[in-house]
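Protein chains: 2
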Amino acid sequence: MGCDRKRIVISEVPSHITGFFSVFDNEDPSLKGSTGCGLTLSFSVRTKVENSERNELIFLGERKRIPTFENLLNLMNAEGIRAEIISSPPLAHGLGVSGAVALGTALCISLLRNMNLSYFEAGERAHIAEVISKTGLGDVIAESTGGVVIRRKPGAPGIGIADRLPVPELPVNLLFLGEKRTENILQDEEILRKVNEIGSECLRRFMREKTLRSFISLSYLFARETGIVDDELIEIVGEIMRKGGMAGVAMIGRTIFQINGNDLREYGEVFSSKITNTPGRIVHDSEISSKI
Amino acid sequence: MGCDRKRIVISEVPSHITGFFSVFDNEDPSLKGSTGCGLTLSFSVRTKVENSERNELIFLGERKRIPTFENLLNLMNAEGIRAEIISSPPLAHGLGVSGAVALGTALCISLLRNMNLSYFEAGERAHIAEVISKTGLGDVIAESTGGVVIRRKPGAPGIGIADRLPVPELPVNLLFLGEKRTENILQDEEILRKVNEIGSECLRRFMREKTLRSFISLSYLFARETGIVDDELIEIVGEIMRKGGMAGVAMIGRTIFQINGNDLREYGEVFSSKITNTPGRIVHDSEISSKI
Chain A
836 MGCDRKRIVI SEVPSHITGF FSVFDNEDPS LKGSTGCGLT LSFSVRTKVE NSERNELIFL
896 GERKRIPTFE NLLNLMNAEG IRAEIISSPP LAHGLGVSGA VALGTALCIS LLRNMNLSYF
956 EAGERAHIAE VISKTGLGDV IAESTGGVVI RRKPGAPGIG IADRLPVPEL PVNLLFLGEK
1016 RTENILQDEE ILRKVNEIGS ECLRRFMREK TLRSFISLSY LFARETGIVD DELIEIVGEI
1076 MRKGGMAGVA MIGRTIFQIN GNDLREYGEV FSSKITNTPG RIVHDSEISS KI
Chain B
836 MGCDRKRIVI SEVPSHITGF FSVFDNEDPS LKGSTGCGLT LSFSVRTKVE NSERNELIFL
896 GERKRIPTFE NLLNLMNAEG IRAEIISSPP LAHGLGVSGA VALGTALCIS LLRNMNLSYF
956 EAGERAHIAE VISKTGLGDV IAESTGGVVI RRKPGAPGIG IADRLPVPEL PVNLLFLGEK
1016 RTENILQDEE ILRKVNEIGS ECLRRFMREK TLRSFISLSY LFARETGIVD DELIEIVGEI
1076 MRKGGMAGVA MIGRTIFQIN GNDLREYGEV FSSKITNTPG RIVHDSEISS KI
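From first to last, the protein sequence lines stand for chains A and B.
Read left to right, the first sequence gives residues 836 to 1127 (our numbering).
Read left to right, the second sequence gives residues 836 to 1127 (our numbering).
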């Protein structure tokens, strides 16, 4: 791997919060995925990728093992990759960080190693890495799209279909109440059956009334009815909803978000972000840096 | 139309330059379109839409008649719409401004009139308005996607397929050498046959080597071989290419662009922009303006 020692490629990928979803299983991991609705945030994940002696992932200054990252490197036949991640959102809080790391790393490796993949081709590898690592089912396609993303058909970028709800890039506040890991929840057959039944009903109802308010109401319904959200979180969201605010729980996590309102400040330390329409992208490639 | 007199909705849509393309005819205007490759620029079109006594389009301070706008209003059954356009790029210079006006207006009207269309639904109406007005075939889907856009399958947003080439948001200079109207060129059967033959060959070759350099070389080949570009422009692009620069002609227009280089300054006044990955979007809705 003595190739191009000094080349540096950097990507930036928005985080993604899902309000409601349903799971579509498939033997082919590029077809496996979820439908539902969520939003991407300017609260983003930056990944700097360069060649190295061995594979190495540095997450906020610490060496870390993230299975999604390791599976992605295997899928891309990439050895000797050093990725340094500066992530605003934390891992395992329902913000699709593992998907953002996978997508950002895939886009960078494609350039670093002159694989010259299209966005869909790089995104498909990131989606497969997420699916086989059981860390996410719909974050990669949402983060490849940007905005308030309506996942109509499951699957990888270029295979699934992701429409959007046109709204302004409103402020979004976040309250983090603890970790929750995706892989533990979707193993339970009974929970999965409920998620799929209620999630698909939410999407049907949303498609009949495509507004931000309806997205928020259906997300609240999903959180209450599926039983995958702790009562404490449901209560906080409920209180804000009764005051006319637009709040929800980030699936799957112990994180509450509020669109366009400041009520979360009553419950703890709040992080400020906003909806972004800009999908994950390359922000720097030392090989072709700006000459103007 | 006395409804909601004071509501104001504003959109921003990037401009779009095509390097090579081929035309796909179809009786259904949502399926009609083009394939090919181009890039969207931060040089953008802002559209402010509000309710009014009559339909009215103000383009850079002057009342104007743009058939694409009028057809769009008919398609959306929208009466009493006032649209004020602040466009950085000029009309009829190959930057997809009519498409940007159509997409931006469709997104705004959907909110203003509580039609609650999805992005694809609004984009489809904009695409149809372009197609029936003969002002463009692929700009709307490209401007709905953002970046260096590879139009793999023709048609409206949600129907056509648009992949991307992952590259940094590099600077792009523009040199405007005069007007050219899309509708006049694509009427000639012989030219159309050549465009389709060479355009589809360019896309095939591009898919085998998906790099910015290959996009530029194939765009140069397309400009030379199709005969739809004046010799003067081919010469300027050729001079820059021989110096190692990345230049091309904006299809269909008398506009030259250069990615990541300053050579165009020798030939006249240059406008500076950059590649943007952000697709057309809503930037303001007075009904739901920021409360934080």
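To be clear, the hints were calculated from the coordinates, so they are not data collected in a lab.
These numbers come from a predicted model, not from an experiment.
Please note that a few of the clues may not be correct.
Copies of the same chain look alike in the list, so a pair counts if it fits in one copy or across any two.
Said to hold, decoys possible - Quick list of in silico lysine to aspartate or glutamate cross-link-like pairs, EDC-like style, CA-CA up to 20 angstroms:
#1 Lys1109 to Asp1120
#2 Lys969 to Glu1101
#3 Lys899 to Glu914
#4 Lys883 to Glu1004
#5 Lys899 to Asp863
#6 Lys867 to Glu1032
#7 Lys1126 to Glu1074
#8 Lys1126 to Glu1036
#9 Lys1078 to Glu1122
#10 Lys1078 to Asp860
#11 Lys969 to Glu1060
#12 Lys841 to Glu862
#13 Lys1126 to Glu897
#14 Lys1029 to Glu1101
#15 Lys883 to Glu1032
#16 Lys988 to Glu956
#17 Lys867 to Glu1004
Now for the hints, and whether the structure bears them out:
1. Lys1109 to Asp1120: between (26 angstroms within a copy, 15 angstroms between copies)
2. Lys969 to Glu1101: neither (34 angstroms within a copy, 56 angstroms between copies)
3. Lys899 to Glu914: within (17 angstroms within a copy, 58 angstroms between copies)
4. Lys883 to Glu1004: between (26 angstroms within a copy, 16 angstroms between copies)
5. Lys899 to Asp863: neither (28 angstroms within a copy, 53 angstroms between copies)
6. Lys867 to Glu1032: This pair counts as within: shortest intra-copy Cα distance 17 angstroms, inter-copy 37 angstroms.
7. Lys1126 to Glu1074: between (53 angstroms within a copy, 18 angstroms between copies)
8. Lys1126 to Glu1036: neither (52 angstroms within a copy, 31 angstroms between copies)
9. Lys1078 to Glu1122: between (53 angstroms within a copy, 18 angstroms between copies)
10. Lys1078 to Asp860: neither (38 angstroms within a copy, 53 angstroms between copies)
11. Lys969 to Glu1060: Answer is neither; intra-copy 23 angstroms and inter-copy 50 angstroms both fail.
12. Lys841 to Glu862: neither (40 angstroms within a copy, 53 angstroms between copies)
13. Lys1126 to Glu897: neither (34 angstroms within a copy, 37 angstroms between copies)
14. Lys1029 to Glu1101: neither (32 angstroms within a copy, 66 angstroms between copies)
15. Lys883 to Glu1032: neither (40 angstroms within a copy, 41 angstroms between copies)
16. Lys988 to Glu956: both (18 angstroms within a copy, 16 angstroms between copies)
17. Lys867 to Glu1004: Result: close neither inside a copy nor across copies, 30 angstroms intra and 32 angstroms inter.
Violated hints, in rising order: 2, 5, 8, 10, 11, 12, 13, 14, 15 and 17; the structure is consistent with all others.
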